[in-house]
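> Chains as they are written, first to last, in the UniProt record's numbering: chain Y, 1 to 613; chain G, 1 to 551.
Be aware that one or more of the hints could be misleading.
[Unchecked claim] Below 30 Å or equal to it, Euclidean Cα-Cα: the simulated BS3-like pairs (lysine-lysine) are:
#: 1; chain 1: Y; residue 1: 35; chain 2: G; residue 2: 343
#: 2; chain 1: Y; residue 1: 43; chain 2: G; residue 2: 343
#: 3; chain 1: Y; residue 1: 35; chain 2: G; residue 2: 307
#: 4; chain 1: G; residue 1: 177; chain 2: Y; residue 2: 76
#: 5; chain 1: Y; residue 1: 35; chain 2: G; residue 2: 177
#: 6; chain 1: Y; residue 1: 35; chain 2: G; residue 2: 147
#: 7; chain 1: G; residue 1: 277; chain 2: Y; residue 2: 35
#: 8; chain 1: G; residue 1: 147; chain 2: Y; residue 2: 502
#: 9; chain 1: Y; residue 1: 135; chain 2: G; residue 2: 177
#: 10; chain 1: G; residue 1: 307; chain 2: Y; residue 2: 117
#: 11; chain 1: G; residue 1: 352; chain 2: Y; residue 2: 135
#: 12; chain 1: G; residue 1: 277; chain 2: Y; residue 2: 293
#: 13; chain 1: G; residue 1: 277; chain 2: Y; residue 2: 190
#: 14; chain 1: G; residue 1: 186; chain 2: Y; residue 2: 76
#: 15; chain 1: Y; residue 1: 43; chain 2: G; residue 2: 186
#: 16; chain 1: Y; residue 1: 35; chain 2: G; residue 2: 250
#: 17; chain 1: Y; residue 1: 293; chain 2: G; residue 2: 250
#: 18; chain 1: G; residue 1: 177; chain 2: Y; residue 2: 293
Please keep in mind that the hints were generated in silico from the structure rather than gathered at the bench. Small disclaimer: the values here were computed from a predicted structure and weren't measured.
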Amino acid sequence: MNLLQSASNYIDRITGSLPANGVHGTSTVGINKNKIKVLLLDKDTTSIVSMITTQSHLLSNAIYLIDTITNTTRTKMRHLSCVVFIRPTPDSIQALVEELRNPLYGSYELYFTNIIKKSSLERIAESDDHEAVTKVQEVFADYLCVNPDLFEVGLAKPNIFGSMPDSWTAEALNRSTETLTAVLLALKQKPLIRYDANSLLSKKLANEVSYRVRQDPSLYDFRRPDTPPVLLILDRKNDPITPLLLPWTYQAMVHELLGITNNRVNLSVIPDVRPELQEIVLSGTQGDNFFQKSMYLNFGDLGATIKEYVDQYQTKTKNNTNIESIDDMKRFVEDYPEFRKLAGNVSKHVTLVSELSRLVEAEGLLAVSELEQSLACNDSHNQDLKQIQIILQSPNISFDSKVRLVALYGLRYEKNANFSLPALLDLLDHQQPHPYGYNGVNAIKSLLSYAGAQKRDEGIFGGEGFFSRAQSGFKGLKGVENVYTQHTTLLSKTLSSLLRGKMKDASYPIFDDGVRPKLVETPAYGVDTNERPQNVIVFIVGGVTYEEARVVAEINAGTPGISIVLGSTKIINSYDFIKNLNDISHKGLIKGQPLTRLTFHTNNSSRAAEEIK
Amino acid sequence: MSEITCPICNESMVTLLQLNRHLDDAHSEIKFVNNEDTASWFSKQVAKSRAKQLQSVTSVFTQAFGKLDLLDGSDTDGSSTSLSHGPASATKRGSPVPILTDENVTRKHWQKLSPNQRCAEVLCEKPLSARNGCINCRKCGKLFCHKHTMYRMKLTKNAMHDPTNGTWCRVCETCYKSRPGYNDHKGVVIDLTQDFRRMRQPHIDQQELNANRLEKRLVKLISSLSSEISKDPGSVWPLNRLRQKYAIDKEIVKWQADGEVTDCPECHNHFNFTLRKHHCRVCGKVVCGNLNSDCSRDVEINILAAKLDIKGPDVMPVTPISTRICKSCKNTVLSRRNFLHDKTAPLPPLLKKYEQLCHLRMVIESTMPKFQETLEILQDAQGQHTDQQATADATKIRKKLLNTCAQFDSISRSLSNLTLNIENERRLQQNIFLAAVHFLQINMLPLRALPKLLKSAKKLKTGPNKSSQQEAVEFKNFVLPTSRLTDTEIADLRQQLIVMEEQKFLVSGMVEGATQRRKYNEIPPLESSLRELDKEIDRIRCDLGTDAFEN
Ligand SMILES: [Zn+2]
Ligand SMILES: [Zn+2]
Ligand SMILES: [Zn+2]
Ligand SMILES: [Zn+2]
Ligand SMILES: [Zn+2]
């Protein structure tokens, strides 16, 4: 399973770089290649396309104009043909209907990212008085492809909680269902659905997906696999720890410390940064070989690797400046575009890594991380408490770090006899007001009622919950192991038990769709929960971290014959996680008792802060 | 890192990965047999790697990357190599040890182990041994090492793949990955074109029917009015003639009664003293005549006649005769005609030039492989005996290519010089030009190789060749179009400039270094590179002109 290849395949189909099925090859392609095309997108498909392709790729397919379908300032160019790629949302359909009533271009190919309602299709057909439409297709690229094994739903609003923290907003549920079914169709998988037993959110989503699959059995009628793929729907609340820990691998660190939005990183906060580096593209899918190789490296290895990279660049430069023979010349000529890209790339990554390094130093992140890991993995209440108290007083540690530590403490020692969260919250309360406008105390209270011991139902995991250090002490013995990365995410353990066919039915029940025959009747058809799956799609409701993405990539790389893709409503960092908890506490969704004393937080300041971030 | 021993059985290991695997394989059932030792051993490992971590974070970054500009070449010794942990290898943490139920699957086709047997995986070729493993793939029967048989597939008794009735068997990578559908990345696509056409057709038919009916009326109206005009065009029609026209208008279709309508059906405004009622002469409905909302309009009949491709009046009175037509009638009758007309109208200059570019591009693309072929022949023969025929061929093809490229270049430049008023068209123009420049750069560069090649070949015999140098100059003049640079080009050139200056800086550093190390023999080639760089920098600066400096 490869999300990127499937998505790129769809894009190639849309842009016409795929030869039409079976039609006599090169000549027709050659002519089509030259025909100027206009690509019309909507808000959602703009993100989808920008995640997996580049402008120069589109240019090379004679797409010389890209615009949004809702842009009404476009002018008539009826010699050109148009490719429309939109999500079948009411707004986009309306815009398309208006477009076709008075067509600006000579002909139209329509591509929808998902199943379009019959009534909508009829409306479009009735608006096509000019018979301008020549092709209508549904393609299922309805997901944001972040890495080849990582996808995101791309919700317009980050909040997914409805009237209660265990219910969905209608929009988030619908969008997640559509994304998941699109992923299933893009990857051609008809899965067995399993979900977190203690999560209504997971169960609801499992139900929706299962319903859609049953609605249209012929659509999901794929080549039979040796063992059915598993769609595993998990709930963030069962592992609130991972988003609170500082990650130490490249992609994850960048997201935690600087933030990645649709593959873009804003570096304008760095003083004296070169203008071309103010916003950089950091893509796990497009053309940045260095990043693709180093995105999962830990910070120490990253330093060494980027050093090598610079050396390699310097050697290359040396070779290239010294053009003596024709061979040199030829090599230079051949390398030239690659070489120029390399030059840009070197300065990009060096800037990025230097900034990360600066932040680590300036914000005392090594000390913070060490304490975080101790909270997550050890049982040493008094010592940890003392350390937190010291750090809370220390001026160079950021407010974010302090909130994370107190939050971890709250989760970790909730059941400890000497639990002193109120004292810590009081200390936190005396900190400077937070620049990004969230209330740490409220967020932590909210966290405990969202994902506290009772909500997590830790009984399921017994003593082997997410707090246990790398279980037997062996698990962590990787080349990159160190004190800052002791903690093993719950996902890693969950996947391990799933892949070994040892996942407990009680904790992760199989969604009963009433259709599949039971184990006793036809053992071959795999309601056999002990059969080991080979393809797994994991979806975490409420956010996934790049650390978890790394775990999945590691399993994919190191486990022959296993293919896992990971997705979520959003890729989060600790700020997103805490901010969202703070927001839901404001909406009164979670029954914590917000401290009335702290009133500096107003809606205005939070909006301003959002913009700063 | 070099000394790793298993904490349980003390077997020595080369890598942590191997130890990890060993622990999984040999000791996965043992839990804390030796709790204390393990723990202390573990903490030692952690302490060790922690020291490394600290060192790498603090020292590497402050030393080597504290400064933002790393391209100065000053830190080229391998001081930090000791910090690298080796490749961050993926663990097989989650990897299942297959439960295999393959006794029933045939083993007749199994390859026999012979001495010095190597893994059958093409890129592996490890000698097969107890250490590396020696396993038959249950499907193809060939012998492989451990690593290349970590896959599971369902096979029948005859060792054929069968997802329904097969049993789990251990197979090789090739068998696993060549099973049908493994490399299928074509997701589901549903084609709705036929459904769409079916939905559209009744609507189109209806539309056509309407259009025909209205068109007939319009034709009739125009011909009646035309014949009325031809009786006597006059200059300004007197009242009685206008009454006559009114009568003709009313014959075409029954007019809607004024009393039936209170609001204009098109713009929904209320009729009153200022918003007066009018009748559309084609459908007879009451509409307003507001020119802003364009609900209906008086159109001169000869214009209408031209749109419909029919004969209108031969002469027009000074005050032209026109007729009122509502928006909806106009759309029904004319918009489809207009659409088809626009589609087949002659190409605007921008697109005409684009078509020429496409044609030339195809010529270049089809000639280029031939040129590269001859170039290779020449290069093989370089220095010894210059093949006259090949040289002539190459020169000829090159000349042809150069000419085509020059043509391509001049058309793309004239395309970029077209003055366009509409923003969309300007964007189109920019993008076409951008792609053209890119195409030219890629395809022109190989052409540069030939003069150099010939020059160095001729140097051996007759000294420098003038004509090829001249050509090189000509060539330079149009490699990068200089007129009216677009923003993207400026950005592009600036980037080139940065690269070149970085290189220059680097090379100067190397010259200095060589001087210090008294390696005088290294200096001349470096200096000649420097000169070349200077030239290149000058050229880019020249191209950029005042744009070289960011505003
Ligand atoms: Zn051992
Ligand atoms: Zn095999
Ligand atoms: Zn092998
Ligand atoms: Zn009106
Ligand atoms: Zn009318």
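> Does each hint fit the structure? Answer for all of them.
Do the hints match the structure? See the list:
Taking the CA atoms of residue 35/Y and residue 343/G, the gap is near 14 Å; set against the 30 Å cutoff, the hint holds. In summary, the hint linking residue 43/Y to residue 343/G is supported, as the alpha carbons are separated by about 29 Å, within the 30 Å threshold. For a cut-off of 30 Å, the pair hint linking residue 35/Y to residue 307/G stands: about 29 Å separates their Cα positions. With a C-alpha separation of about 50 Å, the suggested pairing of residue 177/G with residue 76/Y is violated against the 30 Å cut-off.
Proximity of residue 35/Y to residue 177/G is assessed by CA-CA distance (about 38 Å); at most 30 Å being required, the pair is judged violated. At roughly 50 Å between alpha-carbon atoms, residue 35/Y and residue 147/G are farther apart than 30 Å, so this suggested pair is violated. Between the alpha carbons of residue 277/G and residue 35/Y the distance comes to roughly 48 Å, so the proposed pair goes past 30 Å and is violated. Annotation: proposed proximity of residue 147/G to residue 502/Y holds, straight-line Cα distance about 24 Å (limit 30 Å).
Restraint check for residue 135/Y and residue 177/G: not satisfied, since their Cα atoms lie roughly 35 Å apart, outside the 30 Å limit. This hinted pair does not check out: residue 307/G and residue 117/Y have alpha carbons roughly 39 Å apart, beyond 30 Å. Restraint check for residue 352/G and residue 135/Y: the C-alpha separation of about 27 Å stays at or below 30 Å, so the hint holds. With a CA separation close to 74 Å, the supplied pair residue 277/G and residue 293/Y exceeds the 30 Å bound.
Annotation: proposed proximity of residue 277/G to residue 190/Y is violated, straight-line Cα distance about 64 Å (limit 30 Å). A threshold of 30 Å between alpha carbons decides the hint, and for residue 186/G with residue 76/Y the separation of about 35 Å lies outside it, so the pair is violated. At roughly 25 Å between alpha-carbon atoms, residue 43/Y and residue 186/G fall within 30 Å of each other, so this suggested pair holds. Between residue 35/Y and residue 250/G the alpha-carbon distance is near 49 Å, which puts this suggested pair outside the 30 Å criterion.
For the hint linking residue 293/Y to residue 250/G, the alpha-carbon distance of about 80 Å lies beyond 30 Å, and the restraint is violated. A distance of roughly 23 Å separates the Cα atoms of residue 177/G and residue 293/Y; the hinted pair therefore holds under the 30 Å criterion.
Figure legend: structure checked against the earlier numbered hints; hints not met, in rising order: 4, 5, 6, 7, 9, 10, 12, 13, 14, 16 and 17.
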